[in-house]
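So the protein lines, in turn, are chains L and W.
Counting from 0, one number per residue, gives the positions in the first sequence under numbering that gives the first Met the number 0.
Counting from 0, one number per residue, gives the positions in the second sequence under numbering that gives the first Met the number 0.
Incorrect hints may appear among the rest.
Intra- or inter-copy, both count: the list cannot distinguish identical chains.
[Claimed, not checked] Cross-link-like lysine to any residue pairs, in silico, SDA-like; alpha carbons within 20 Å at most: (1) 280 x 205; (2) 189 x 286; (3) 200 x 236; (4) 277 x 34; (5) 213 x 193; (6) 277 x 10; (7) 226 x 98; (8) 222 x 103; (9) 237 x 170; (10) 156 x 130; (11) 222 x 204; (12) 280 x 171; (13) 280 x 148; (14) 280 x 103; (15) 237 x 169; (16) 222 x 155; (17) 156 x 280; (18) 100 x 38; (19) 173 x 196; (20) 21 x 175.
Keep in mind the hints are simulated off the structure, nothing from the lab.
All values reported here derive from a predicted model rather than from experimental measurement.
Number of protein chains: 2
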Amino acid sequence: MENIYLGIDIGGTDIKGGTVNKNGSIINEMTITSEVEKGVDHVLERITDLVRQLEQSAGEKNTIAGVGLGIPGQIDFDNQILLNSPNLPLFKNIDVPSRLKSSLHLPVVWDNDANLAALGEFTYGAGKNVSEMMMITLGTGIGSGLILRNEIYHGCKGFGGEFGHLSINPDGPKCNCGSHGCVEAYAGTKGIIRTFEEITKAGTRTLLNKDDIKELTPKKISKAAEKGDQAAAETYNKVGFYIGVGLAGVVNLLNLEMIVVGGGIAKAGNLILDPVRKAVKEYTLEDPGDIINIVPAKLGNKAGLIGAAHLAFLNAEDH
Amino acid sequence: MENIYLGIDIGGTDIKGGTVNKNGSIINEMTITSEVEKGVDHVLERITDLVRQLEQSAGEKNTIAGVGLGIPGQIDFDNQILLNSPNLPLFKNIDVPSRLKSSLHLPVVWDNDANLAALGEFTYGAGKNVSEMMMITLGTGIGSGLILRNEIYHGCKGFGGEFGHLSINPDGPKCNCGSHGCVEAYAGTKGIIRTFEEITKAGTRTLLNKDDIKELTPKKISKAAEKGDQAAAETYNKVGFYIGVGLAGVVNLLNLEMIVVGGGIAKAGNLILDPVRKAVKEYTLEDPGDIINIVPAKLGNKAGLIGAAHLAFLNAEDH
Numbered sequence: 000m001e002n003i004y005l006g007i008d009i010g011g012t013d014i015k016g017g018t019v020n021k022n023g024s025i026i027n028e029m030t031i032t033s034e035v036e037k038g039v040d041h042v043l044e045r046i047t048d049l050v051r052q053l054e055q056s057a058g059e060k061n062t063i064a065g066v067g068l069g070i071p072g073q074i075d076f077d078n079q080i081l082l083n084s085p086n087l088p089l090f091k092n093i094d095v096p097s098r099l100k101s102s103l104h105l106p107v108v109w110d111n112d113a114n115l116a117a118l119g120e121f122t123y124g125a126g127k128n129v130s131e132m133m134m135i136t137l138g139t140g141i142g143s144g145l146i147l148r149n150e151i152y153h154g155c156k157g158f159g160g161e162f163g164h165l166s167i168n169p170d171g172p173k174c175n176c177g178s179h180g181c182v183e184a185y186a187g188t189k190g191i192i193r194t195f196e197e198i199t200k201a202g203t204r205t206l207l208n209k210d211d212i213k214e215l216t217p218k219k220i221s222k223a224a225e226k227g228d229q230a231a232a233e234t235y236n237k238v239g240f241y242i243g244v245g246l247a248g249v250v251n252l253l254n255l256e257m258i259v260v261g262g263g264i265a266k267a268g269n270l271i272l273d274p275v276r277k278a279v280k281e282y283t284l285e286d287p288g289d290i291i292n293i294v295p296a297k298l299g300n301k302a303g304l305i306g307a308a309h310l311a312f313l314n315a316e317d318h
Numbered sequence: 000m001e002n003i004y005l006g007i008d009i010g011g012t013d014i015k016g017g018t019v020n021k022n023g024s025i026i027n028e029m030t031i032t033s034e035v036e037k038g039v040d041h042v043l044e045r046i047t048d049l050v051r052q053l054e055q056s057a058g059e060k061n062t063i064a065g066v067g068l069g070i071p072g073q074i075d076f077d078n079q080i081l082l083n084s085p086n087l088p089l090f091k092n093i094d095v096p097s098r099l100k101s102s103l104h105l106p107v108v109w110d111n112d113a114n115l116a117a118l119g120e121f122t123y124g125a126g127k128n129v130s131e132m133m134m135i136t137l138g139t140g141i142g143s144g145l146i147l148r149n150e151i152y153h154g155c156k157g158f159g160g161e162f163g164h165l166s167i168n169p170d171g172p173k174c175n176c177g178s179h180g181c182v183e184a185y186a187g188t189k190g191i192i193r194t195f196e197e198i199t200k201a202g203t204r205t206l207l208n209k210d211d212i213k214e215l216t217p218k219k220i221s222k223a224a225e226k227g228d229q230a231a232a233e234t235y236n237k238v239g240f241y242i243g244v245g246l247a248g249v250v251n252l253l254n255l256e257m258i259v260v261g262g263g264i265a266k267a268g269n270l271i272l273d274p275v276r277k278a279v280k281e282y283t284l285e286d287p288g289d290i291i292n293i294v295p296a297k298l299g300n301k302a303g304l305i306g307a308a309h310l311a312f313l314n315a316e317d318h
């Protein structure tokens, strides 16, 4: 018999589940729709069903020894309660692990999904050999998780790791959070589109046609950039620069060894990573700037699931 | 017999030494000149003499069980070597603790002085009841030390904690470090004076006369502000704002419980702390922004010495 661990990544649209062995390899995985609008009990039942199915598919050789849960929201770890989650609006002040524990009869541990993606990359992905790293996930917003001294860093109440809301210009564009000049205000989806619009308005040419421009997405811009579109390339240069200025501050503060970059926008590859690296070099002190390594994520959209399963493994080891 | 610990705070001008008991109270202290220009051996001999004298003054009831050393420079902890120190230019690649150990026949441990000031405030000063804090020291430059999960945070190679070089405006004023818009470029001595000059040039009135303005210091500006000088008050408002924007980023990233503010410029009290607090509130997310507490340091210029002695105590406890 081998102990394996179950990772669950709860999102507003889908719930991903997977059994993972001690080497971080996914044995089996399933995705179901979240149906969050049908209420907390309904979603928790769906998760219970998902776990049952994954248990059955685990095979006779394997025993599921614990469940790890990733949730896109603010967790109160002292009281083991999900305070709130923009993607799961009905999950307000819900004790998710204790409720799943009683239906699953398995140990259930949890963390924020960005933290678990960082844990996944740290344990089995790009950050395997480092002790201090941050993972940022570039998407609609900017998620981030910190690993300090080989462990997820939570801060005093679990709110740590909000790199996206570091302001790099107090007079900069307004951010969704209400503040100004946050990295996310420049490099989230909205910021990328605004930057492209500013650049084309200033006269730089683009190959994108009117229909494309009406419904702009970061993906369209990065595809255009790959084809040599000047406005699109400048957009990614600028966005990368802003991300890099923000990261440089973190590198000076925390002397990290590695920054792992994942998420949809990171698929633009060196188009975005090169200007990030250049700005980090320019805005860091010499010593920490020489050390830092900025690399693409390795586990793709499985990082959160693998990290969740690994959290369950760590919890079992502790006991 | 009671074990006591000896703290030493090495600066470019003075070396402070003191015996400290387990409660963080200084039993005896002495200050000697550093005479750094006379070379490494000479300075180390002076430190050895200082320790001998403090040993003799410790009294028969007390045994010195270890020495803690604070140095204003970059330490390579893996190799136990001082890489460099702007204030001790001859101390390049010097194995300070092992050399003192062999002359003192006592355990010697060390850390960066800003880290030890943070440790002092954390253990016996303003940060007594918190687990995550940063201490910043406002002076010519901005020093800082991080306590995360109840321990000094060093980063992967000991370069962590450089809050002063977090850029809050990539197009901002040039910093001594070569980068632009660092908090230090706004709130170090030079930045404060430049801000005052900008404000008076823009037409705001000042009570300071021409002689004062020729040789401006942050102290003169804060004294003027206390007397109701409009330009001086605006200067501290602006400087506090910039510090606060930088701190807000750290609070969002690390969810600290407390920021302790010390150093010469912090003597301006609420004149500087109130605008800092206001900007932190404005530029943080709601949850971490509600938690953070920004307070003046309690141990004054003894924090480094007390922190150094406490490091020696922690080291003895470990063994």
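Here's how the hints hold up against the structure:
no.	hint	verdict
1	280 x 205	neither (29 Å within a copy, 41 Å between copies)
2	189 x 286	neither (34 Å within a copy, 24 Å between copies)
3	200 x 236	within (17 Å within a copy, 37 Å between copies)
4	277 x 34	neither (43 Å within a copy, 41 Å between copies)
5	213 x 193	within (12 Å within a copy, 46 Å between copies)
6	277 x 10	neither (34 Å within a copy, 35 Å between copies)
7	226 x 98	neither (51 Å within a copy, 61 Å between copies)
8	222 x 103	neither (45 Å within a copy, 66 Å between copies)
9	237 x 170	both (17 Å within a copy, 13 Å between copies)
10	156 x 130	between (22 Å within a copy, 10 Å between copies)
11	222 x 204	within (15 Å within a copy, 55 Å between copies)
12	280 x 171	between (22 Å within a copy, 17 Å between copies)
13	280 x 148	neither (24 Å within a copy, 29 Å between copies)
14	280 x 103	neither (49 Å within a copy, 42 Å between copies)
15	237 x 169	both (18 Å within a copy, 12 Å between copies)
16	222 x 155	neither (42 Å within a copy, 37 Å between copies)
17	156 x 280	between (32 Å within a copy, 17 Å between copies)
18	100 x 38	within (18 Å within a copy, 66 Å between copies)
19	173 x 196	within (16 Å within a copy, 30 Å between copies)
20	21 x 175	neither (39 Å within a copy, 49 Å between copies)
When the structure is compared with the earlier hints, violations turn up for hints 1, 2, 4, 6, 7, 8, 13, 14, 16, 20 and for no others.
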